[in-house]
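Novice: With the hints as extra help, turn the sequences into a complete structure.
Protein chains in written order, with the working numbering: chain G, 1 to 193; chain F, 1 to 219; chain Z, 1 to 281.
Fair warning: there could be bad hints in the mix.
[As the list claims (entries may be wrong)] With a cut-off of at most 25 Å between alpha-carbon atoms, the simulated SDA-like pairs for lysine to any residue come out as follows: (1) Lys209/F <-> Val112/G; (2) Lys44/Z <-> Pro35/F; (3) Lys2/F <-> Phe224/Z.
Just so you know, the hints here were simulated from the structure itself, not pulled from any lab data.
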Amino acid sequence: MPAQSPAGPVALWRSRSGRAAAFADRCPHRGMRLSHGFVRGETLSCIYHGWSYAQAGNCLRIPAHPALTPPDTIRVATQHVEDGGGIIWISVGEPAAGPPRFEGLAPLRSMVVEAGVVALEAAAGTKAVGGLLDYTHDDRAVRLLLASEGQARTLMHVLVDEDSNPDERIAASRAAEALRRAAEDIARGGIAR
Amino acid sequence: MKLYDYVLSPSCYKARLMAALAGVKLDIRPVDFHPGAEHRGPELMALNPAGSIPILEDGDLVLTESSAMLVYLAAQAAPQWLGSDTAGEAARVQQWLSFSHRLTASLGAARLHEMLLRPGNIDALQGQGTAALRELEAGLVEQHIRGQRFLALDRPTVADIACFPYVALAPDGGVSLDPYPAIRLWSRAIRGLDGFIEMPGIHRLHELKPEPVPELGET
Amino acid sequence: MTRNAMIDGWYPVSLASQLDAHGRSTALMGEPIEVRRGEDGNAKVTGGNGRALPACIRYGHVWSSLGDPQKPLFAIPEADQPGRRLVDVGVVRVRCSPLRAVENFLDIAHFPFVHTDILGAEPHTEVQNYKVEIREDEDEVWATQVRFYQPQAAKSAEGGITTEYMYRVPAPTCSILYKTCPPRPGEWDVITLFVQPLAEDLCDVWPWMALFDDETPTTDLIHFQQTIFVQDRSILENQIPGLLPLDPGMEIPTRADLTSVAYRRWLKRHGYTYGAQLVAQ
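Specialist: What follows is the structure, given as structure tokens:
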């Protein structure tokens with residue numbers, strides 16, 4: 001699937017054995033986005049010509065030349081991936097420490113908000129601390145993990161109490177929708193002014 | 001059963017896809033929609049004064065609305081696709097069948113504008129399309145929380161087939177699907193169904209086939 | 001900005017069959033143009049400032065130029081051969097470089113993955129060696145003896161066959177494909193891709209065909225070609241960078257890509273760089 005990182009767009013994929021990897025979202029052959037590709041076993045293949053890549057980013061197979069062992073120089077840039085607590089983290093370069101854990105919380109859904117973090121904070125009426133924004137809507141607390149995608153767009157991961165029942169989870173999802181609407185209204189107003 | 005069909009029309013594809021999934025053989029009558037505008041010609045206007053395709057003809061039954069075609073095909077050959085008869089679930093099928101027309105009016109019109117140069121206010125169409133995709137995403141998230149993988153039930157129904165084509169082809173109209181993880185999972189589930197067929201713009205899910213053993217030196 | 005060498009070329013701007021007195025508003029390389037049928041029945045094309053542009057009708061399309069074409073439109077001798085059916089496929093707009101659209105048309109290695117079970121299928125993915133040359137007399141790129149396994153050669157055909165192709169690039173945004181013609185061994189079906197550059201990253205693509213086929217209904221032929229092209233469209237709109245990189249280093253060609261290598265070299269030599277990127281970024 002496509003995702004964003006500070007180093008640019010990435011193709012995020014999970015192999016059959018369950019390992020996640022993040023590639024620069026561009027096949028070095030013809031520039032096709034690898035996030036449109038397909039996963040077979042432990043490899044990601046480009047949809048355009050079927051060139052397939054191992055998790056380390058090296059090219060394993062060029063279908064137009066089945067007898068050829070691709071040279072090691074054909075590779076896609078990879079980023080470090082950590083998969084923990086239902087959240088996938090990417091780091092550009094080697095991270096000094098593992099990603100944060102959110103004890104007692106379960107991830108519910110991810111949403112793109114067409115507004116910056118400042119507008120989300122204004123809509124929630126609180127400040128984000130360490131990328132986490134607490135939002136209370138109809139007496140229900142929702143925690144939002146925010147990842148900026150530039151000034152005007154934010155990827156928002158909705159976290160709920162891991163003991164929440166389905167009704168509470170649906171309510172949390174709807175609360176996050178309400179927050180997004182409010183933040184986008186604020187962002188639009190900002191542009192209009 | 002005869003389908004007046006255009007290969008690039010997502011609405012025609014709904015009928016072809018439902019027929020393939022239900023195991024119904026259609027007699028396809030290709031219509032030169034573009035560039036010939038045959039759907040506006042006398043033969044087809046006599047059949048459908050609205051001047052739209054698809055048209056499904058079975059004896060003296062003539063259907064011109066794709067949702068009705070899905071219901072007809074399912075009722076004939078695969079009634080499990082109609083959904084269930086509990087009030088809530090039956091209503092949910094109808095909810096998404098009706099919703100699918102908003103997809104046609106927004107994402108479908110944006111695609112016609114961007115691909116086949118039809119007139120339209122592209123910014124407004126893309127904005128309405130994005131709003132509809134967000135609604136669908138939220139609906140699928142809630143279904144997932146209820147333990148159900150499809151729009152109305154834990155199995156696919158005509159509602160899924162009514163919504164799938166214009167959603168899958170949204171990028172043709174310049175509307176990205178990148179922000180919608182639940183739509184991506186749902187779309188893959190539909191593309192992986194037994195009997196699924198593609199249309200241009202929806203690629204084969206190559207991961208369903210194992211890595212082939214290459215045939216070397218064939219001529 | 002230097003004068004682009006592509007300014008003096010001919011480009012398709014309309015289907016001849018859809019030319020009317022009312023006119024069609026379109027664009028050529030960023031400049032709005034108007035295409036209509038004049039009172040004398042000929043095509044009239046006017047540029048953004050109302051100036052009359054060169055116009056001619058050939059191969060089912062109206063052609064025009066923003067500059068001063070030094071040569072007549074390239075020849076397709078097969079177009080005048082008796083017995084061929086000439087098929088207007090109609091326009092498809094693509095948000096991509098016009099040069100990327102042509103390069104994709106010259107490529108066969110993507111058939112099994114993008115035109116699955118129609119023009120190619122796994123495991124028949126190997127591209128055999130073929131010949132590529134820049135013909136100096138005609139100043140055209142040619143690829144010949146291109147062979148590829150085709151799973152569904154014709155509607156009636158059971159099983160696959162090896163189809164032979166020849167590719168020809170007579171102009172920077174036009175390509176002609178010659179393909180094995182099952183009903184007439186020894187003759188070639190002609191399938192063209194005429195690309196109208198609207199902007200460096202936007203084009204209108206006008207496929208056109210001249211075939212020996214007395215049986216297949218015209219609508220089926222149109223739908224087949226539209227299917228193939230629209231399958232390519234989602235690839236073309238997702239290549240990075242959007243402009244075609246002409247300097248080596250940005251992309252990695254293999255033996256299967258020799259036509260593309262020659263095409264890029266030919267574009268660079270002539271300064272045909274509208275829709276291209278020269279310095280790797």
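Novice: When the hints from earlier in the document are held up against this structure, which numbers fail?
Specialist: 1
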